[in-house]
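On the provided structure of chain V, position chain R as indicated by the hints.
The listed protein sequences correspond, in order, to chains V and R. Per UniProt numbering, the first sequence starts with residue 1, numbered consecutively. Per UniProt numbering, the second sequence starts with residue 1, numbered consecutively.
These are calculated hints, taken from the structure and not from any lab test. Note that beta-carbon positions come from the ideal geometry of N, C-alpha and C, so glycine has one too. Some clues are possibly wrong.
Ranges of calculated distance between the beta carbons of each label pair, as one might list FRET restraints [what the hints assert, rightly or not]:
hint : chain 1 : residue 1 : chain 2 : residue 2 : range
1    : R       : Ala262    : V       : Trp202    : 55 to 65 Å
2    : R       : Arg83     : V       : Thr184    : 52 to 62 Å
3    : R       : Val117    : V       : Trp202    : 47 to 57 Å
For the chain R half of the interface with chain V, some residues (derived, Cβ under 10 Å), not all of them [unchecked claim]:
hint : residue
4    : Leu251
5    : Ile293
6    : Gly391
7    : Ala413
8    : Leu428
9    : Leu436
Which stretches of chain V does chain R cover? Using the computed rule of at least three CB atoms under 8 Å from a CB of chain R, they are [claimed, not checked]:
hint : stretch
10   : 22-35
11   : 135-149
12   : 301-309
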Amino acid sequence: MGTYILRRIIQLIPTFVGATLLAFIIIQLSPGDFFTEKLLDPKVRPETVQRLREQFGLNQPIYVQYLLWMKGLLQWPPQLGYSFAYQQDVWQIALPRVLNSMILVVASTFLLYLVAIPIGIFSAVRQYSLADRVVSFISYIFLSIPSFFFALIMIFLILQLNYAARDAFHLSNNAQILPVGGMTSSGSEAWPGWKRFLDVLWHALIPVLVVTARDIAGFTRFMRGQMLDVLGQDYMRTARAKGLSERVSIYKHALRNAVIPFVAGIGSILPGLVSGVGFVEVVMNWPGVTPFYLDALNSKDLYVLTGFLVIGLVLLMIGNLISDLLLAWVDPRIRYY
Amino acid sequence: MAQATPRTLSASRTRSQVIWAQFRKHRLAVWGARILLVLYTMALFAGFFSTYDANYYETYPPSNNHPPSKIHFRDPDTGAWSRPFVYATKRTLDELTLQPRYIEDKSQGKFYIHFFVRTPDQPYTILRLFRGDLRLLGVDKPGRLFLMGTDNFGRDLWSRIVYGSQVSLTIGILASIVSFILGLALGGVAGFYSGRPATMSLPLTHLFQPGVGARAWLGAAVSTLLWLAIIAGIIAITVQFLQVTHGFSLLSLIVVALAAWAVWGIARGLLWKPIRIDPDDVIMRSVEIQSAIPDLFLLITLRAIFPPSIDALFSFYLITVLLGFIGWGGLARIVRGTVLSTREQDYVTAAQALGASDRRIIAHHILPATATYVIISLSLAVPGAILGESGLSFLGLGIRDPYVSWGLLLQSAQEGGFASFTDRPWVLIPGFFIVLAIVAWNFLGDGLRDAFDPRKRQ
Numbered sequence: 001m002g003t004y005i006l007r008r009i010i011q012l013i014p015t016f017v018g019a020t021l022l023a024f025i026i027i028q029l030s031p032g033d034f035f036t037e038k039l040l041d042p043k044v045r046p047e048t049v050q051r052l053r054e055q056f057g058l059n060q061p062i063y064v065q066y067l068l069w070m071k072g073l074l075q076w077p078p079q080l081g082y083s084f085a086y087q088q089d090v091w092q093i094a095l096p097r098v099l100n101s102m103i104l105v106v107a108s109t110f111l112l113y114l115v116a117i118p119i120g121i122f123s124a125v126r127q128y129s130l131a132d133r134v135v136s137f138i139s140y141i142f143l144s145i146p147s148f149f150f151a152l153i154m155i156f157l158i159l160q161l162n163y164a165a166r167d168a169f170h171l172s173n174n175a176q177i178l179p180v181g182g183m184t185s186s187g188s189e190a191w192p193g194w195k196r197f198l199d200v201l202w203h204a205l206i207p208v209l210v211v212t213a214r215d216i217a218g219f220t221r222f223m224r225g226q227m228l229d230v231l232g233q234d235y236m237r238t239a240r241a242k243g244l245s246e247r248v249s250i251y252k253h254a255l256r257n258a259v260i261p262f263v264a265g266i267g268s269i270l271p272g273l274v275s276g277v278g279f280v281e282v283v284m285n286w287p288g289v290t291p292f293y294l295d296a297l298n299s300k301d302l303y304v305l306t307g308f309l310v311i312g313l314v315l316l317m318i319g320n321l322i323s324d325l326l327l328a329w330v331d332p333r334i335r336y337y
Numbered sequence: 001m002a003q004a005t006p007r008t009l010s011a012s013r014t015r016s017q018v019i020w021a022q023f024r025k026h027r028l029a030v031w032g033a034r035i036l037l038v039l040y041t042m043a044l045f046a047g048f049f050s051t052y053d054a055n056y057y058e059t060y061p062p063s064n065n066h067p068p069s070k071i072h073f074r075d076p077d078t079g080a081w082s083r084p085f086v087y088a089t090k091r092t093l094d095e096l097t098l099q100p101r102y103i104e105d106k107s108q109g110k111f112y113i114h115f116f117v118r119t120p121d122q123p124y125t126i127l128r129l130f131r132g133d134l135r136l137l138g139v140d141k142p143g144r145l146f147l148m149g150t151d152n153f154g155r156d157l158w159s160r161i162v163y164g165s166q167v168s169l170t171i172g173i174l175a176s177i178v179s180f181i182l183g184l185a186l187g188g189v190a191g192f193y194s195g196r197p198a199t200m201s202l203p204l205t206h207l208f209q210p211g212v213g214a215r216a217w218l219g220a221a222v223s224t225l226l227w228l229a230i231i232a233g234i235i236a237i238t239v240q241f242l243q244v245t246h247g248f249s250l251l252s253l254i255v256v257a258l259a260a261w262a263v264w265g266i267a268r269g270l271l272w273k274p275i276r277i278d279p280d281d282v283i284m285r286s287v288e289i290q291s292a293i294p295d296l297f298l299l300i301t302l303r304a305i306f307p308p309s310i311d312a313l314f315s316f317y318l319i320t321v322l323l324g325f326i327g328w329g330g331l332a333r334i335v336r337g338t339v340l341s342t343r344e345q346d347y348v349t350a351a352q353a354l355g356a357s358d359r360r361i362i363a364h365h366i367l368p369a370t371a372t373y374v375i376i377s378l379s380l381a382v383p384g385a386i387l388g389e390s391g392l393s394f395l396g397l398g399i400r401d402p403y404v405s406w407g408l409l410l411q412s413a414q415e416g417g418f419a420s421f422t423d424r425p426w427v428l429i430p431g432f433f434i435v436l437a438i439v440a441w442n443f444l445g446d447g448l449r450d451a452f453d454p455r456k457r458q
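Excised from the complex, chain V in its bound form (with noise of 0.2 Å):
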């Protein structure tokens, strides 16, 4: 086992390199660097823009600032380098968005391991039911909605919903029964812990369940179509002929094979981490990855956008890597050398 792991990250060295070195190549290819805008604002001398982009080598041909950057990278700690923008180092910037983000990605994955699952299970068993078909629909529709228009009714809904409760129940006219974006009430800051904590679970409620809402019908579906499989196999009709029940046929034996490759899938959340949900932490204010990152492309952040680039890059291999070894732990027909 030990081997196989020291395989596996040697053979993603290739993989890791040229991933890097296309990504600085496509973020260098757009014209003018950060500095570029700095040439326009008249209080800003051309020699101080020359001086900058000289102490962060942005004068170097491409292929150098690539190497001096992955120098960066080799060294202990590794260096993802320094934010023109924020005038800070990557690492310090982008971890606390990664775990905003990382809030949404846990919660929306544990609910839906936790729904879809079972639904999965119910539609197998009960295959052309009335129940399979209706939960066969609404997958296909929710699978249709783009994740930003789902986030868009769902404000929409949350508005009535505040205004409604605010006539019903006399309320003030700040008062909300859901927030409709971001992720900390204002003035939080002065709150106990937990009720910080409260106002962030608060806020993600929305969020979270437009993530999910999605990725459950990808994963009802997917859970039914890999039930139906194992139910057809020949050791589920020994099972039911040697005489058990049929919870226990379908619990012992049917989900248990069902179910590998959701526990292998477990890996990729980590990569998740860092693509973060996308258009829904920029339609709903979450301070997440994505909103961060369209702000470094248009300000040409650089280091930023590789900084968030290679940590993607680690986490997705990583990931990968451990869904790997889950599948040989939890399928024994699996074996690694």
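Only chain R this time, still in chain V's reference frame:
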């Protein structure tokens, strides 16, 4: 006997008959196909189905953020049924929010909704081939018919949705075609030539063997020059890097070692052992590298290569190519797998043994085997591309005015801030069209997959 044959033959229908019958059994897929037929007809005859031009608005009287016109079917005085009509509206400003409010102005009389109205001031073309000014619905001026309200300029939302369908629905197909051309070509090459590396150089030692002609000498000269240039490039980069970093580090050691290794490999290839490159390795490595970067990030980063304010038509093509580029990797992987397994089939080996050329084997054996898969994935890739386009446009990185797309319409819905939602909920309508189109494509794709898959036949 003669009468009995049709009955016995009914079991042996042709493959396409079986697939068609199977497809029709999938009720949702048939509905998906019907919905798509309606949507694409709407896109094709956008001028006819819209009530106004997509960018038409009157500066006076202004009609910004006009709610959907209320269509009356009963005469308000007598209560009797009548032809559908609308009233003209009068605009006032809400004193608190400064938002426009519209109230029906019955003094101007009724404006009956006419079918097949001519609008000479707003001509349109169908595919730029046929001119026309005939529209399905319309009212006489100064009455105005806003079936789904207006945007913040006063442009009719229904007309914009209809015109937007042209972009939103075609970009999905075009982008999938781009990724299919890439995925099929590269995946096919990777699968077909896997394990058969191409020789990229002709070593000097091989040239002096008997039977080497002038053409081989020419080829050797060209390839040798190319490889020498690559060596020079590697050395130049290494030297420059060492100059910039001044100082010893682990990385500089690695870089020097890598450069020396590469130069040695090429030099060996030029002298004794030909350099062989397996296209399968190259292509599959690129797929791996591309899929290591999250799709959304790759998409918006690629889009950022060009300034946001580029020409609207160019941005349309750019988005198409980018969406196609994002999707090719997964497809290439699967095409490669299919081709690899087909290549090892006995009938392909037989064809090879009979002396069939590569071209013939690809055209007659490999392509038909992958065709089924291609049709299915094409129909399943289109909704993804539609989703991608709407997302990019929503972020303001996609389609731009004066072109219209559903994603762009939703972007302008969000622009007014959260408060604008409760005042004018009709701006959310374009989103439902996105959902409808994607649902229909998903149904169609699923039905096709079931119809083509022999294991799923009922």
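Evaluated hints:
1. R:Ala262 x V:Trp202: 55 to 65 Å: Check passed, 57 Å falls within 55 to 65 Å.
2. R:Arg83 x V:Thr184: 52 to 62 Å: 57 Å, holds
3. R:Val117 x V:Trp202: 47 to 57 Å: Because 53 Å falls inside the window, the suggested range holds.
4. Leu251: Since the shortest Cβ distance to chain V is 4 Å, the answer is holds.
5. Ile293: 6 Å, holds
6. Gly391: 6 Å, holds
7. Ala413: 7 Å, holds
8. Leu428: Holds: closest Cβ of chain V sits about 6 Å from Leu428 of chain R, inside 10 Å.
9. Leu436: Leu436 of chain R check passes; min Cβ-Cβ to chain V is 8 Å, inside 10 Å.
10. 22-35: holds (count 7)
11. 135-149: holds (count 9)
12. 301-309: holds (count 3)
The structure meets every hint from the earlier list without exception.
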